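S.K.: Those sequence lines, one after another, are chains X and G.
Reading the first sequence from the start, the letters are residues 197 to 357 in the working numbering.
Reading the second sequence from the start, the letters are residues 5 to 269 in the working numbering.
Errors might be hidden in some of the hints.
[Unchecked claim] Result set (DSSO-like, lysine-lysine): computed pairs, CA atoms no more than 30 Å apart in a straight line: (1) X/Lys255 <-> X/Lys223; (2) X/Lys198 <-> G/Lys85; (3) X/Lys326 <-> X/Lys272; (4) X/Lys272 <-> X/Lys249; (5) X/Lys272 <-> X/Lys255; (6) X/Lys335 <-> X/Lys272; (7) X/Lys249 <-> X/Lys326; (8) X/Lys223 <-> G/Lys85; (9) X/Lys335 <-> G/Lys85; (10) X/Lys335 <-> X/Lys249; (11) X/Lys255 <-> X/Lys335; (12) X/Lys249 <-> G/Lys85.
The set of hints was computed from the structure by calculation and includes no laboratory data.
Model, not experiment: these values are computed from the prediction.
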Amino acid sequence: MKRATIDLWVGIFVTIGFAAIVFLALKVGNLATLETRPSYRLDASFDNIGGLKLRAPVKAAGVIVGRVESITLDPKTYEAVVSMRMDTGYQFSRDTIASILTSGLLGEVYIGLDAGGDTAMIADGGRLSKTQSAVVLEKLIGQFLFDKASSGQTTAPGAPK
Amino acid sequence: MTVATGLRRVGSGAIRAISRVGFATRFFGAVLLNTPAALRRLQLTAREVYFSGVLSLVVIMVSGLFVGMVLGLQGYDVLVKYGAGDSLGVFVGLSLVRELGPVVAGLLFASRAGSAITAEIGLMKTTEQLSAMEMMAVDPVARIVAPRFWGGVISMPLLAALFSVMGVFGAYLVGVRLIGVDNGTFWGNMQAGISFWPDVSNGIVKSIVFGIAVSLIAVFEGYDANPTAEGVSAATTRTVVGGSLAILALDFVLTVFMFRGLGNG
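Working from the sequences, and respecting the hints, build out all of it.
M.R.: Structure below.
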């Protein structure tokens with residue numbers, strides 16, 4: 197085998213090998229999406245985040261505008277503090293409501309933002325004060341049964357008033 | 005009497021195993037010491053990249069394609085039962101990038117390229133080419149072993165990445181073209197569910213570690229082979245068996261370390 201031929205083949209091999217890594221990074225992983233765009237940080241505390249995970253999407257009107265960056269527990273208030281990395285292209289008013297939602301019954305958990313009417317926009321590192329916690333299905337069922345039981349008792353015929 | 009014989013056998017086996025481990029470690033050190041020599045004569049290493057990388061391309065790419073197509077079919081069959089057929093892209097991409105790409109490419113690499121390296125070096129030893137080199141004051145580790153080692157280390161991550169890409173392409177063919185998963189959903193879910201850090205990067209780290217392990221085992225077994233026809237064949241077998249087991253064991257250890265922190269998001 198001639199030296200030039202070997203060099204050519206090795207060159208082709210190394211090039212398509214690196215092309216494969218770039219393909220995995222850009223097309224399969226999402227290296228090029230939010231990380232490279234300018235972004236800012238928003239915090240929000242929730243009583244209960246349910247099944248929220250790192251890198252979960254933050255959506256406004258169903259459009260992904262950011263991702264969850266970190267989740268910690270405030271040791272004083274025992275609230276979950278969620279940091280979100282937001283796309284700079286989307287600014288939100290200061291009275292924006294953040295709620296933890298689930299797409300479908302078994303779908304992914306995400307943060308939904310409902311923009312408010314305030315004209316002042318929230319700054320980098322700002323905190324969303326109005327939040328709505330995750331709906332925990334077990335609690336909801338428990339509450340429903342409890343309500344049903346108590347209302348059934350009051351309307352039952354001959355029940356003591 | 006028989007107890008003493010049995011114990012003696014255990015003892016000699018243990019001593020042989022320990023001395024092999026020691027020799028392998030010193031050998032690894034010698035290979036690393038001779039790395040500058042191998043890199044200075046880049047042509048030798050390029051030649052080995054050709055033999056262990058370029059010539060493994062066909063088997064790696066075809067296997068990747070078929071593994072991906074099977075993943076597409078099997079994955080869709082299970083996922084659609086839970087109404088999650090749209091997640092096919094994430095399922096296939098994650099399995100390939102995190103596990104199957106590095107591991108299956110590594111196993112194929114051990115049997116395709118590793119065995120060839122062992123047989124070549126073992127035969128050189130049998131025909132006393134290595135001794136002849138030493139007589140001419142040419143260090144066989146620098147001239148023969150180090151280029152083969154680095155050729156393997158360079159080839160392995162590239163082959164694993166190509167395997168993963170072909171697998172994703174195979175799953176795309178089956179999932180989107182054959183079954184009819186929406187094209188946008190397939191790629192969109194894949195990109196949403198897989199990120200470069202840590203999924204793709206961990207897969208690359210794994211393939212580099214496997215490349216080092218398999219290449220080291222291959223050159224060591226060749227260098228350590230008994231200089232007979234039987235010895236070379238036994239060494240080749242040991243390369244494939246030992247290399248495959250090393251890949252699977254290392255894969256478990258690496259996975260424990262890499263995905264430890266991801267459980268609770």
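S.K.: Run the distance test for X/Lys335 versus G/Lys85: straight-line Cα separation, threshold 30 Å.
M.R.: 28 Å, holds
S.K.: Given the proposed pairing of X/Lys272 with X/Lys249, does the C-alpha separation stay at or below 30 Å?
M.R.: 22 Å, holds
S.K.: Against the 30 Å threshold, does the CA-CA distance of X/Lys223 and G/Lys85 hold or violate the hint?
M.R.: 27 Å, holds
S.K.: Hey, X/Lys335 versus X/Lys249, does the alpha-carbon distance stay inside 30 Å?
M.R.: 20 Å, holds
S.K.: Run the distance test for X/Lys249 versus X/Lys326: straight-line Cα separation, threshold 30 Å.
M.R.: It holds: about 20 Å lies between the C-alpha atoms, which stays within 30 Å.
S.K.: CA of X/Lys326 to CA of X/Lys272, is that 30 Å or under?
M.R.: 19 Å, holds
S.K.: Check whether the Cα positions of X/Lys272 and X/Lys255 lie no farther apart than 30 Å.
M.R.: 29 Å, holds
S.K.: Decide if the proposed pair is consistent with the structure: X/Lys255 and X/Lys335, CA atoms, cutoff 30 Å inclusive.
M.R.: 25 Å, holds
S.K.: Against the 30 Å threshold, does the CA-CA distance of X/Lys249 and G/Lys85 hold or violate the hint?
M.R.: Holds - the C-alpha atoms of G/Lys85 and X/Lys249 are around 25 Å apart, at most 30 Å.
S.K.: Please verify whether X/Lys335 and X/Lys272 have alpha carbons no more than 30 Å apart.
M.R.: 24 Å, holds
S.K.: With a cut-off of 30 Å on the C-alpha distance, tell me whether X/Lys198 and G/Lys85 pass.
M.R.: 56 Å, violated
S.K.: Holds or violated: are the alpha carbons of X/Lys255 and X/Lys223 at most 30 Å from each other?
M.R.: 22 Å, holds
The earlier numbered hint that this structure contradicts is number 2, and it is the only one.
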